[in-house]
Amino acid sequence: MSTHRSSTTAQGTVSSACRLAAAVLLIAAPSYARAQSAPAIPFEKYTLPNGLEVILHEDHSVPVVAVNTWYKVGSGDETAGRTGFAHLFEHIMFMGSENVPVGRFDQWLEAAGANNNGSTNGDRTNYYEWMPSNALPLALWLDADRMGRLLPTMDLPKLDLQRDVVKNERRQSYDNVPYGRAYETILAALYPASHPYAHSTIGSMTDLSAASLEDVKNFFRTYYAPNNATLSIAGDFQRDSVKKLIELYFGGIPRGPALPPRPQITSQPVPRDTFLVLEDKVQLPRLYYAWRTVKAFAPDDGPLDLVAYVLAGDKNSRLYKRLVYDMQVAQDVSAFHNSQRLDGGFQIVVTPKPGHTPVEMAKLVNEELQKLIADGVTERELARAQNTTRAQFLDRLASDLGKADQLNYYNYFVGTPDYARQDAARYDKVTAADLKRVAAAYLAKPRVTLTVVPEGKRDLMVTGVIQ
Amino acid sequence: MAALAAVAGCSQAASVASAPGAAAPAPNAGIDLTQPPTLGAPKPLTLPAVVTRDLPNGLRLMVVEQHELPLADFLLVVKSGAETDEAGKLGTATLASSLLKEGTTTRNSLQIADQEAFLGVDIFAGSGWDATTIQLHTPTAQLDSALALFADIALRPAFPTAELERLRKNRLTSLLQVKDRGPEMANRAYAAIVFGSAAYGRPLTGDEASTNAIQQTDVRRFYDTYFRPNNATLLVVGDVRPDDVERRVRALFGGWDQRPVPAATYGQPPAPKPTTIYVVDKPGAAQSSFRIGSVGVPRSTADYFPLTVTNTVLGGSFTSRLNQNLRETKGYTYGASSGFAMRRAAGPFTASAEVVAAKTDSALIEFMKELRAIRDTVARDELEKTKRYLQLQFPGRFETTGGIAGQLAQLVTYDLPFSFYNSYTQGIGAVTQADVQRVARRYIDAEHLAIVIVGDRKSIEPALKATGIGDVVVVDITGRPAM
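Chains A and B supply the protein sequences, listed in that same order. Okay, so the first sequence: first residue is 5 according to this note's numbering, each after it adds one. Okay, so the second sequence: first residue is 73 according to this note's numbering, each after it adds one.
Everything labelled a hint here was simulated from the structure, so no lab data went into it. Misleading hints may appear alongside valid ones.
[Claimed, not checked] Here are the simulated SDA-like cross-link-like pairs (lysine to any residue), alpha carbons at most 20 Å apart as the crow flies:
1) A/K247 / B/I103
2) A/K325 / B/A234
3) B/K402 / A/K325
4) A/K357 / B/L244
5) A/K319 / B/L324
6) A/K285 / B/L244
7) A/K319 / B/L182
8) A/K325 / B/K241
9) A/K325 / B/T401
10) A/K285 / B/G356
11) A/K319 / B/N242
12) B/K241 / A/M331
13) A/K325 / B/K251
14) A/K285 / B/K251
15) B/K402 / A/M158
16) B/K402 / A/M209
17) A/K325 / B/F190
18) A/K248 / B/Q107
19) A/K319 / B/G198
20) B/K251 / A/E283
21) B/K251 / A/K248
22) A/K319 / B/S170
23) A/K319 / B/Q207
24) B/K251 / A/R185
25) A/K325 / B/Q107
26) A/K285 / B/T245
27) A/K433 / A/F301
28) A/K285 / B/D528
29) A/K461 / B/F190
30) A/K357 / B/K241
31) A/K319 / B/T245
32) A/K325 / B/L182
33) A/K248 / B/D104
34) B/K241 / A/Q332
35) B/K530 / A/Q332
36) B/K251 / A/N222
37) A/K162 / B/T401
38) A/K357 / B/S246
39) A/K325 / B/D528
40) A/K357 / B/G356
Because the structure is a prediction, the values reported are computed rather than measured.
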């Protein structure tokens, strides 16, 4: 799940559901079969002497351009007692730098017709602007100034202000949202405390309060160096002139020190079944199942994505059809596989309708899981999952901003910016036997069971493995 | 990246293209890296060409070619929505449109879903205010099968009673869950208070009583009355050719029967009351949900451009006054914004934010400051920045097939000519400081605002009373006084 710097739009605020959708789209890496393949994205990649990677993709179809910069640092890199810091830092990156007074970053971009935002997840932090093509030099200059010269004007008031904003982001996206604390409750149970994904990107209020100006400076010096960043530009520009601008603006930024070693993770199932309950201000209880799986692009990653689809991806999917459509005992059900750079997790979430209980849901979900593990899936189910997922590869190429981010995503995860077609091919190759195999390999293992219950209704908790 | 819907573009007629504050350096002078670069002129905007064909049954077809990707969007806009709901049957239009995908004369609900997934297409059907839309997003390789499914859903819905009962049960549960979400509670209470029993005061998805009252005959009547080719336009954007599209559309939609469609009535909202604070109790809420405003303007307003600029200054962008004050200066919220919902009849003007509970009174004081200050002169720099922002990002709305279709749907729903887009840059450019002041004073009246705040009554009510901004009335989500 990624957390954005800003949700303000002309229409109001983006709901937390939208943010969730955005995150799922990125991590689920969906695919589609038997229709058009995604076209190639011609690109040029090179590295400046200071270590900054540059990816350029020209597309002159509309006179717009997107700049998208990834720093290879996310909430997974946070130290104990500083959860939420990577995202808080992201906010501070918009507060001005040596040559950009407070407030001017946004004012200058808006005056040029540009919009901008940033987001943080467990693996990385990104910053992006999308704009009419003539505004590209401004975006690059602003990004270079904050990459090279953030600290000279950094002070405690900047940190304190964004600390308050982020605490409100936490309230708006987690604390004041029904079931909003379920996600981080599950993470804490699914992963050992030392695991990079054991805490949420938004972080705890206590840790947000504890972040100091010294933390900001150290974090910047450690992670915000050109040798830890990739600048991706997609859209209407001329490569020769933009390369000169990049050299001019970014070339003089000194290389940073060697980066701290990234954690090495060996993914393994949770050691034993864990049962949790969380009281919340909700009308209906909700049941969550979570398993540990594999990291993104591991051999079983794609098949697990398709298992999620077969379970709850459409109206004919196993859980949706039985619980929501046929029996009408559940209000909603979802299943998703969230594979990140170091590790992954699989979740099933069910809300019983009034008059039904989490225990009933547990029994029905387990029946369907056992059927899936014992009998596998039909060719039609597989085709629906593959075809639907593959269509989304095309959609991700519709905007320059989407392409710029995708180039960065594949560059960081697999080292090849234009990996979309190979990614899509992963899903085409999946067989019904693969689905049966991975369902058995991961979903029959111990899991985290969380029941969110209305306040005072702890008796609704699922307390055992229900067969 | 689904959330990244808005994408900027550039414009033909903007006279100022450089970043503000950028000193214009002499040509070929040494480059000063401490100053933002001076930008070249934006490229001219080439609006997509629209081919319009009218079918004999009154269905208008509008096609835009966009061959970048092998994708197409088909968007059927029926110019009637939830404003047609009858009292006691609120939620009929949204329920009818949800039922379109739940069975046709030749396919049942599961077969429709199976086809959709197998083809890898998305079909959305839904009603809002003033329009009901069905949208097909498809790879063009699947065009024959996808269009057949799309036409079946649009033209031959069966409204099966079993599916109606299933959706009714689903909706009743959703209505129960409204109590979980402060922002949704605020939206309902605010609409009810500002519009009373007029159309826009009603919840789109009805309430418990109306949901229980709706019968199959009601949803069928909505469909039979308003789903007529003479009340509809089919927008097609993507990797298609107009002649080919016309041939397909004539074959699939040519037999659709026309019939006169009654004009909608919107009712009369209540006269504005002196500014009043309406509190809806949500015990223990970590944030207070603010909705502040009044009846605004219809989309046909002659003040469209001045209001667009004025609202952008006030709360329509990140650097707008509300967001700068409440978020970037005070830190009370993750975002504050405002907007005029311009519909066929006058929709609401609303300023909104989710505010940390302990700062509920302080935030209201800041909201009121900004809602008063916008009536004073807007500084020239601020006006120019705002106008450039609107002008220069406007063409970005036309980057994707869905974006283009969405833009055209606005024109169709509100009977605006395509030339509206040619006039946009000029219309924004013509707005003066005097215009902003005139429309702000006319449409934003700080003495007659409905202030709806959903939050923890116990902790926020005394402080709200102490502000003296207005009487405090405790209401429920229907806007009626709470017991």
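Pair hint A/K319 and B/Q207, alpha-carbon separation not exceeding 20 Å | holds (18 Å)
For the pair supplied as a hint, A/K461 and B/F190, is the alpha-carbon distance within the 20 Å limit?
-> violated (42 Å)
Pairwise hint evaluation, B/D528 against A/K285, where the allowed Cα distance is 20 Å at most | holds (12 Å)
Given the hint that A/K325 pairs with B/F190, does the C-alpha gap stay at or below 20 Å?
-> holds (16 Å)
Assess, step by step, whether the Cα of A/K325 is no farther than 20 Å from the Cα of B/K241, and give holds or violated.
-> Roughly 16 Å separates the two Cα atoms, so the pair holds.
Is the Cα-Cα distance between A/K325 and B/K251 20 Å or less?
-> Judged against 20 Å, a Cα distance of about 27 Å means the pair is violated.
Is A/K247 close enough to B/I103, meaning Cα to Cα at most 20 Å?
-> holds (16 Å)
Assess, step by step, whether the Cα of A/K357 is no farther than 20 Å from the Cα of B/K241, and give holds or violated.
-> holds (9 Å)
Satisfaction of hint between B/L244 and A/K285, Cα-Cα up to 20 Å = holds (19 Å)
Quick one, are A/K285 and B/G356 close enough, alpha carbons at most 20 Å?
-> Distance of about 8 Å is within 20 Å: holds.
Holds or violated: B/K402 to A/M209, with C-alpha atoms at most 20 Å apart = At roughly 18 Å apart (the allowed maximum being 20 Å), A/M209 and B/K402 satisfy the hint.
20 Å limit on alpha-carbon distance, applied to hinted pair B/K251 and A/R185 | holds (17 Å)
Violated hints, listed in ascending order, are 3, 5, 9, 13, 21, 25, 29, 35, 36, 39, 40; each of the other numbered hints is respected by the structure.
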